[in-house]
Every structure is written in structure tokens, then in C-alpha cells.
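The listed protein sequences correspond, in order, to chains F and Z.
Per my numbering, the first sequence runs over residues 1372 to 1585.
Per my numbering, the second sequence runs over residues 1372 to 1585.
Note that these hints are calculated values from the structure, not bench results.
Ideal placement from N, C-alpha and C gives every residue a C-beta, glycine not left out.
Just to be clear, a hint being listed does not mean it is correct.
Taking lysine to aspartate or glutamate pairs in the EDC-like style, the calculated list, with each CA pair at most 20 Å apart, reads [stated by the list, open to error]:
| # | chain 1 | residue 1 | chain 2 | residue 2 |
| --- | --- | --- | --- | --- |
| 1 | Z | Lys-1447 | Z | Glu-1431 |
| 2 | Z | Lys-1447 | Z | Glu-1470 |
| 3 | Z | Lys-1447 | F | Glu-1431 |
| 4 | Z | Lys-1400 | Z | Glu-1455 |
| 5 | F | Lys-1447 | Z | Asp-1422 |
| 6 | F | Lys-1447 | F | Glu-1470 |
Far from chain F, by Cβ distances over 12 Å, these chain Z residues were calculated [said to hold, decoys possible]:
| # | residue |
| --- | --- |
| 7 | Ser-1395 |
| 8 | Thr-1404 |
| 9 | Thr-1439 |
| 10 | Ala-1466 |
| 11 | Glu-1470 |
| 12 | Ala-1486 |
| 13 | His-1516 |
| 14 | Glu-1518 |
| 15 | Ile-1521 |
| 16 | Ala-1525 |
| 17 | Leu-1539 |
| 18 | Ala-1554 |
| 19 | Asp-1581 |
| 20 | Gly-1582 |
2 protein chains.
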Amino acid sequence: MSVDPVDPADSAARPAAAAAGSTSLRERKKARTRAAIQRHALRLFQEQGYDQTTVEQIAEAAEVSQSTLFRYFPTKEDTVLADEYDPVIVAAFHAQPAELSPTTALRQAIRDVFASISDTDRELIRQRQLLALRVPQLRAASLLHVEQTIQVIAQAVAERTGREADDLAVRTYAGAMMGAWIAAMFHWAAQPGSEDIFRTMDEAMAHLEDGLPL
Amino acid sequence: MSVDPVDPADSAARPAAAAAGSTSLRERKKARTRAAIQRHALRLFQEQGYDQTTVEQIAEAAEVSQSTLFRYFPTKEDTVLADEYDPVIVAAFHAQPAELSPTTALRQAIRDVFASISDTDRELIRQRQLLALRVPQLRAASLLHVEQTIQVIAQAVAERTGREADDLAVRTYAGAMMGAWIAAMFHWAAQPGSEDIFRTMDEAMAHLEDGLPL
DNA sequence: CAGTCAATTGATAGTAACCCCCATAATATT
DNA sequence: AATATTATGGGGGTTACTATCAATTGACTG
């Protein structure tokens, strides 16, 4: 979502570690600033609540001006929502072998991507998702992308089945897939522990694969 | 959504017609004010775009103060989004005979409700939905209710099948239904003419009933 | 039908998210 | 080292929304 051409290596808090190779000083500084904003935003939201946290506080904590903060993130919501994994999943989806059913391909794509994420990043995602699902304003902003998601899934389904992407049947199918996904996420976020997001997702995808038996 | 205990008879522009029976003067005035705000908001949004319209303009057009406008609608978005039909569909859903499958029951519920709506109200709904789907901010606000919708469907599905409403399988199923619905709406809104929302919806529901064949 | 009570309204002041613009400072290039 | 480029901070402005309070309007009673 809101795909920036910036740092996929994101996990912060390693000031001395001297970021990997080829990037210029400028790039490194930007990445650090960006990560600092995200980190402090997440922390403050968790500590005091989303509405109770002002962007001024976030800016102050990250030691930048508000102007700068808004240059990095177009809205307050994006400070926590900005996420580089959506296009990755899409790519993994496309990379699945053509003989798989669309549902199986999606399930596999999600597995592949999640498997490639480090534990610390995984924990970060977990915390972000929890916020994104529990704070109404963030929920709204996240859900904003469902149309795009449906479109992407429909496109991939169309390619696999030789139908048109704007066929109502294809879109309905894609919508159902995405709806199942979202429902699983909500289900996960509603649990008190909310530990195993990946298992929940995979279980839901398995249901989908089996044709949603009741 | 955002269920107010107010006027279901909504279509405005009948100042002389002396509203139906039992309501007090006060109630009638409130209903008229409410309708006026909605009507002018919709009109202005269509004429100048959502972002280009300020709530001040809406208030002015409806001849109320901003304070009053915000007493009737908690947010700018709600001036167009406030919608009394959601609970009606839920009721119709519950009222379907128990032997129907959940999907069939939902399809029938939608049919029943839509059949009961007058042509002028139907046209109003059409225009609102078009705005709600095409303006990002409105889309976000509309989508905010998907969690609630999933919950409601899951509840009804649970009652029909004797399972728990917070069962992941039930929720996934409910999510898929809702996703199919949403996809159909987007599909409809993306068409240039965007005439027959009810036929599109019903067709999508039929796909769902048939198990989403591709 | 006057008078009181409750509900509704409008005006005013304030907060917070964001935008635009320009001067300055930091990095990059030659 | 001089110059070009880009990032930053600050100031001023707009708009959605909130809180408060006084004034108005409709409802009800004797």
C-alpha cells in the first residue's frame, strides 16, 4: 500500500550497524529518519492511543519538524500503515506455478512471503496490524485498498483462467477471496492473545481452498 | 449504518405536502432539516466534487449553522453516507425461512428489501452509492462497517448452521459473502452507465449461490 | 392564553491535521 | 573550493470538528 520506492530493510534501532553497502549518505539518513518516525509513531500510539497522540508529538519524538514528517508520510495514518509487503505478495502470487488454482496460489504466495520475513519484522507487522485493525481511523485507511486488492486478485485470476479481469464472475470470486482474508484478519485481531497471525491466515485460506464448507 | 432513530421517509422537497400524521411539529422540522442537509450535500458534492465542497457551503445551502449541521451528522462524510437500509436488510435476512442456505437467504433478503423501496428512493440510493464508491474518503468511511457486516452475517450463518459465530470457518464464510458483495458494488460503480445496481447485485449473489464457478 | 420548561439553535473560540512557500542548511558534483 | 541539488524548518493559512453559552422556538400546564 502506498508504495514508496524506499527502504525495504526497515527494522530500526541499529544506529552503529552501518547500513548495507551501496546507498549514499543521503539515502541512509532518509531511511533512518523514516524508520524513526514510524517507530516513535507506533510506540506513542500504543502508549497513549491513536487519537490522543498528535503529529506534533511524533515529530518531536523523532526529532524532525512537522513539515518533514509530512514529507515522509502524507497522512498521520500512513506513519503506521506504510507497508512494503503488499507488492511483494502480489509478485509472489504471480510467481506461483500456473497449474495451481487461484486460491491455492494465493495461499502459497502468502506462505512464501511470510516465510521470508525475519522474526523481528514479523513482530513489527503483528503490532502494526493490531493497531490497524483496532483503531477505526486506521481500519478505514487500510480498507481503502480493498478495491485495488480485488483488482489485483481479479487480474491474476483472469490470467490463470483465461477470462476477463472485469468479468463479474471473476470479480465476485476475487472479492470473496479478499473478504475471507479480511475476515480472518479481524478474527485474529479480536482474539485476546492474537499470537499466530500466520496460522490463522493459512487456516482461513485452507477453508477457502476447500470451498468454504460449513 | 450509524442508525439514527429518525425519518425513514426521507425524500425531501415537499414543503407543503404536510408530512404524514402522528409526528409533532418539532419532529417534522427536524426531519426536514435533516433531509435538506443531505440533499444539498449530495448536490454540491456532485456539482463541485467532495473535497471542493466545504461544510460551510453545505450549511449555508441548507440554511443552518455549522453547529447545527454537526449536530445532525457527526462528520462531513455522514451527510451522504447516513443510510437507514442496513438494519432493514439484516432484519430481512433474519426473516428468511430457516431451510434456505445462508447465501440464498442473503440473496432473497436483498431482493425483498430492494423490492420494497420506491423508485425515487432507489435513485437516491444509486447516487449516494456512486459517490460513496468513487470518492476515496467516502469509500473509506463506508468500508469501515465491513467488520460489523461480517459479524452480522456470521451471526446469522451461525444460527442457521448451529455453529458458533466466532468460529473461524463461519467468519471466513461470512467474509467471503461480504467480499463478493463489495466486489459487485465496485464492479457496478466502475461501469460508465452504472444503471442497474440491483441486477448486478443479484447476479453476483447468484454466482455466490452456485459456489463461485469460474 | 399566559408562563414555564425543555429542546433546538447559532455564535464564538479553540484544536489538530494538513498545505504552500521561502529561506537556510546539508549533501552531491565538478 | 565553488556550485548545483536536495532536504529541512518555520510561518501562515485552510478546513473539519469540539465545547460552551446565550438566545430562540416549540411543548405543555393551569
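Structure-based check of each hint:
| no. | hint | verdict |
| --- | --- | --- |
| 1 | Z:Lys-1447 / Z:Glu-1431 | 14 Å, holds |
| 2 | Z:Lys-1447 / Z:Glu-1470 | 42 Å, violated |
| 3 | Z:Lys-1447 / F:Glu-1431 | 30 Å, violated |
| 4 | Z:Lys-1400 / Z:Glu-1455 | 19 Å, holds |
| 5 | F:Lys-1447 / Z:Asp-1422 | 18 Å, holds |
| 6 | F:Lys-1447 / F:Glu-1470 | 42 Å, violated |
| 7 | Ser-1395 | 35 Å, holds |
| 8 | Thr-1404 | 27 Å, holds |
| 9 | Thr-1439 | 25 Å, holds |
| 10 | Ala-1466 | 21 Å, holds |
| 11 | Glu-1470 | 15 Å, holds |
| 12 | Ala-1486 | 22 Å, holds |
| 13 | His-1516 | 10 Å, violated |
| 14 | Glu-1518 | 5 Å, violated |
| 15 | Ile-1521 | 5 Å, violated |
| 16 | Ala-1525 | 8 Å, violated |
| 17 | Leu-1539 | 6 Å, violated |
| 18 | Ala-1554 | 2 Å, violated |
| 19 | Asp-1581 | 9 Å, violated |
| 20 | Gly-1582 | 6 Å, violated |
Violation of the numbered hints given earlier is confined to hints 2, 3, 6, 13, 14, 15, 16, 17, 18, 19 and 20; the remaining hints are satisfied by the structure.
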